[in-house]
Amino acid sequence: MSDEEHQFESKADAGASKTYPQQAGTIRKNGYIVIKARPCKVVEVSTSKTGKHGHAKCHFVAIDIFNGKKLEDIVPSSHNCDVPHVNRTDYQLIDISEDGFVSLLTENGNTKDDLRLPTDDALLTQLKDGFAEGKDLVVTVMSAMGEEPNCALKDIG
Amino acid sequence: MQGFAERGNSGDLAQLQSTMHAIELACTSIQMQMNLGAAEATILSLSQTPQPYQTCKFILENSQVANARFQAAAAIRDAAIREWSFLSSDEKRSMISFCLCFVMQHANSPEGYVQAKVSSVAAQLLKRGWLDFSAAEKEEFFYQVNQAVYGIHGVDVQFAGINFLESLVSEFSPSTSSAMGLPREFHEHCKKSLELDHLKTFYCWARDAALSVTNRIVESDSAVPEVKVCTAALRLMLQILNWEFSPIAVSLGGRMGTDSPKRSECNQVQPGPAWREVLVTSGHIGWLLGLYAALRQKFSCEGYWLDCPIAVCARKLIVQFCSLTGTIFSSVQMHEHHLHQLLSGILQWIDPPDAVSRAIECGKSESEMLDGCRALLSIATVATPSTFDQLLKSTRSFGTLTLLCILMSEVVKNLMTNNSEEETWSWEARDILLDTWTALLVPVNRNGGNASLPPEGKNATATLFALIVQAELKAASASAFKDDDSDYLQASISALDERLSSYALIGRTAIEVTVPFLTGLFSERFERLNQGRGIIDPTETLEELYSLLLITGHLIADEGEGETPLIPNAIRFHLPHNLEAEMHPVVILCGSIIRFAEESLKPEMRASVFSPRLMEAVIWFLARWSCTYLMSPEESRDSTTVLLKFFGQHGQGKLVLDIIVRISLTALVSYPGEKYLQALTCFQLLHALVQQKHICIHLVALDSWRDLANAFANEKTLFLLNTAHQRSLAQTLVQSASGMRNSEASNQYVRDLMGHMATYLVEITSKNDFKNVAQQPDIILPVSCLLERLRGAASASEPRLQKAIYELGFSAMNPVLILLEIYKHESAVVYLLLKFVVDWVDGQISYLEAQETAVVVNFCMSLLRLYSSNNIGKISITLSSSLSTEAKTEKYKDLRALLQLLSSLCSKDLVDFSSDSTETESTNISQVVYFGLHIVTPLISLELLKYPKFCFDYFSLLSHLLEVYPETVAQLSNEAFSHVLGTLDFGLHHQDAEVVDMCLRALRALASYHYLETSAGKVGLGSHAAGLKDPGGNFQEGILSRFLRSVLQLLLFGDYSPDLVSGAADALLPLILCEQSLYQKLGNELIERQANETLKSRLSNALRSLTSANQLSSTIDRKNCQIFRKNLSNFLVDVRGFLRTM
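So the sequence lines, in the order shown, correspond to chains B and E. For the first sequence, the positions run 0 to 156 when numbering that gives the first Met the number 0 is used. For the second sequence, the positions run 0 to 1141 when numbering that gives the first Met the number 0 is used.
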């Protein structure tokens, strides 16, 4: 993660904490969780007990939202886990460069040019065609824990 | 032997030779795994050739390759079934007798599977022609078979004959028959005919065959060839006794009764009085038992052992005879005599139990013992407990029940000593014996108490129950320190549940002993806990208590399964009722458990004794117990039971209710993160309490209930519950309002409980900076909780609360839209929002007045529009494939919720309780739903329709819409219309017959509408039906033409279940009427494609009679539709066979 990237997200995140504590028992499938300092999306939760008459513990299987790696963690149900603050920002697409970088218009009128499109060719063509046809394209960028991916959610509106 | 119609001459011999070589080569290469594709094609082409019989026959008689003969037989079958309708009756007959003769002539061939195949081909062809052949023709075949089975051609032919009968019976038995593309009626007809005219004869043949070789077997000291014949005959008899005999109306003797659930589950053999002579009075059983007894003597000889085929078959047949019941017995005595005879034969397999058990542990095969248990099970299903018990009395000093107890005790002891995870023989024996107990003890009908056991039987069951409980406790304490890795596997829980229910049945037979026995065990454990606190590790005792609670719960109360369970009859009738309430054994037992449970309210006891698992058992017990005993509405009616009085409204009931509520609150607040415990508390205990109005009356008056409501509304800890549990809690609390005095009070109660939650939502969503903080986890969590709680409250809708819940939802409408926009990327929140709206609308819609309806409908449309604009054209990009599948699943769930919303709105037209029936300015629901469909359909992709539930919901909504509002469909835009119809086309080719049926219904509605409208001179579907030019200038045909093609395609060439034919007929008729010229064209094309002249004329005749037979007219009324259904199924039987092979 480079320094330039930091400047872009600083506006939305200013002063806000990157993670929040939350009781493990309340974290459900499809929620977010921090495992090994990575923001993840939970894809599976199961509970078991430590010994028959012990306390419940949660077993999380989660996927790193940025690199897609699978992570697991076991936490006593009544303990706290860190939950990442996952932020999403919409930008208007104003240009796609040859090398796959996009130019985005921020809310305050500046441009953001550090985002690279995914390497998926079919999708790239679709985006480019849509853009060439003059459609309004909105790019939603997901960020969490100070990290912004080079891969994000896109809306073709 | 007569062959096929000989058409060939010597010049064809070379041709036959070369085909045979080709097939042989193909078979060999399949075996060698070479050139599989080509080889399979060669073999397939043989069965696809028209009239390949000559060739097949040649291969069967001349080929040296067994597989080639096998394939030739298969080809005969395929071709003959396909071409059956235009084979001459001579050809049919000669084909069957060829197969039969082949089997007999090659009876000693070593390749048994070829013989079996040819035999089954003969059986299938005979069945195919069963209704065409005259009785004399059939007799001719059977004469041949009879000669063989009689044994005049030797042992091998005898064996072949019996085998043929076995294939024949299996072919005629509906569950094992092959479909042959014929309707169910055909199979039913054949079954009845065989049962009536031949089945008993076959049985006699088999019996005679077995009798004829019995002496030879009994006298020899080693295996003789006759054993094979005898085994086959026994197997055939067993198969015939497994036949599903058509019910005979008159019932006589025994325990008959068709209403009890028990009857249907058990496999009973009821062949009726016609079989009496053969099976019962002719000494047949004596012979069978004698045969097996003789075999038992031979197990030490060479060629015989406990599990040798003949012994296994004989045992199975004996067990099957135990299930014999019904009108075959002329009197109860005759039945008892029959059972007595069987039991004395079986006794040696299981008696004495300890010796049998030891022998098995020393390595003897357990199969005979298990068969003995199965025989007891079969007897138990056809006999009353007292008959069952008496059976042994004449030969022994004790009854059968005692024997059953001793046997079961041996099994339980064996389980105790070999406490392993693996399934052993004793597991299986235990399960069979428990089924036996269930069969004996489950009351035949609900009102009649279960017949009480004789005193000797009671003593035996009391001892057995004590032993079982000890065994369970021992297993519990042994497993106490095992890690709980199985995390509540659903399967093992329900297995345990079933086992405990059977234990409870045993325990209830001696209830006056078993209840005090359990009380003793409890007080012993409580004592041990109290003394050992802080000194001894209580874990083992805790696990024992856990087991005891489960056993006790099953013993003293039944599961309601949605109804209020009554006190078990054993407790009601077999415990003294003239006691002081305090002395009643059940009161003592329950009282001590409730006092123990109350201890959990003390923090120090909770910390040292009440582990989450023990607490789960406590909650489970309280839930089960309170359904039956707490403030039972039976209290006043059933004055004999001091028991109900004691825990009734005027007795200790209120006090106990208060304790239960306080324990529930503790379970929710003091066990953070214990999901399973909280689930039990919310879904089972509290949920069950508020189902009963008279309990609610007391609940809402309790301080502890108010504490619970307060904690729910204000305490942070309850916001930490799983959101599903919060939803359930909200629902429960709102439901308890039914206990309030009047409607105003209930509505006020709901407002007080939920009002400020809605207000909170309004407040946070109206804050300016909400958008900036909304994504923070500490905001998402409370928002989700509130939505779940609102949804819970909404799903508790009932007429009396309608007002308050409408207001609740009304105030949340604006916040919901704001939240939907803000959380558009937060799928979890979006789903909660949608589900809340779905449940709210579903509960409210039928009560709304016109104006309210308009408000709700507008809100729903805004919601749909917003959801659609947020999601249409959205592409998710993620590196992880599992995340993208998750995203798809989320989308599916969202859309399913939206469809449910539309369905609920639809229901307004059907069920409407609003007061203003005058059509002032009521909303047109059909318009609304079509508008909704317009919004939703672009989001529905064929990809999403692969989710079965979604697919089902979508098509049921669609067919409903098209059936009820076809007129509005024409108003859909071209794009939306073709999208809807595209999905319909998809559904038509779906695998699920139900989905296809719904699509056919939709099509019928659409085509009928168009036909009726156009006949009346209106436009109908207008341009949708007429077809149009696409932008490229190509003409696209109208949708009805397209569907006419696809329905015909499906019917003639597709694979589908025969059940669909009538639905397809209903759709096809209006389609044909709408598109007559196209139909003519398609029909002509079909005819032109046939090269063969005979087939051509058959097809054109069939097509003609499809639309003209039985005075079919061009209307679509009910009668005409029925005629067309009949025509269509005739048409299909006629032509589908040859059309499909092209």
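Just so you know, these hints were derived from the structure itself, not from any lab. Quick reminder that beta carbons are idealized off the backbone N, C-alpha and C, glycines included. Among these hints, one or two may not hold up.
The following label-pair restraints were derived from C-beta to C-beta distances [unchecked claim]:
{"id": "1", "chain 1": "E", "residue 1": "E974", "chain 2": "B", "residue 2": "Q91", "range": "24 to 32 Å"}
{"id": "2", "chain 1": "E", "residue 1": "P1057", "chain 2": "B", "residue 2": "Q91", "range": "57 to 65 Å"}
{"id": "3", "chain 1": "E", "residue 1": "D991", "chain 2": "B", "residue 2": "H58", "range": "33 to 41 Å"}
{"id": "4", "chain 1": "B", "residue 1": "Q91", "chain 2": "E", "residue 2": "A606", "range": "58 to 66 Å"}
{"id": "5", "chain 1": "E", "residue 1": "E558", "chain 2": "B", "residue 2": "R27", "range": "28 to 36 Å"}
{"id": "6", "chain 1": "B", "residue 1": "I73", "chain 2": "E", "residue 2": "N771", "range": "19 to 27 Å"}
Any hints from earlier that this structure breaks? Give me their numbers in increasing order, please. 6
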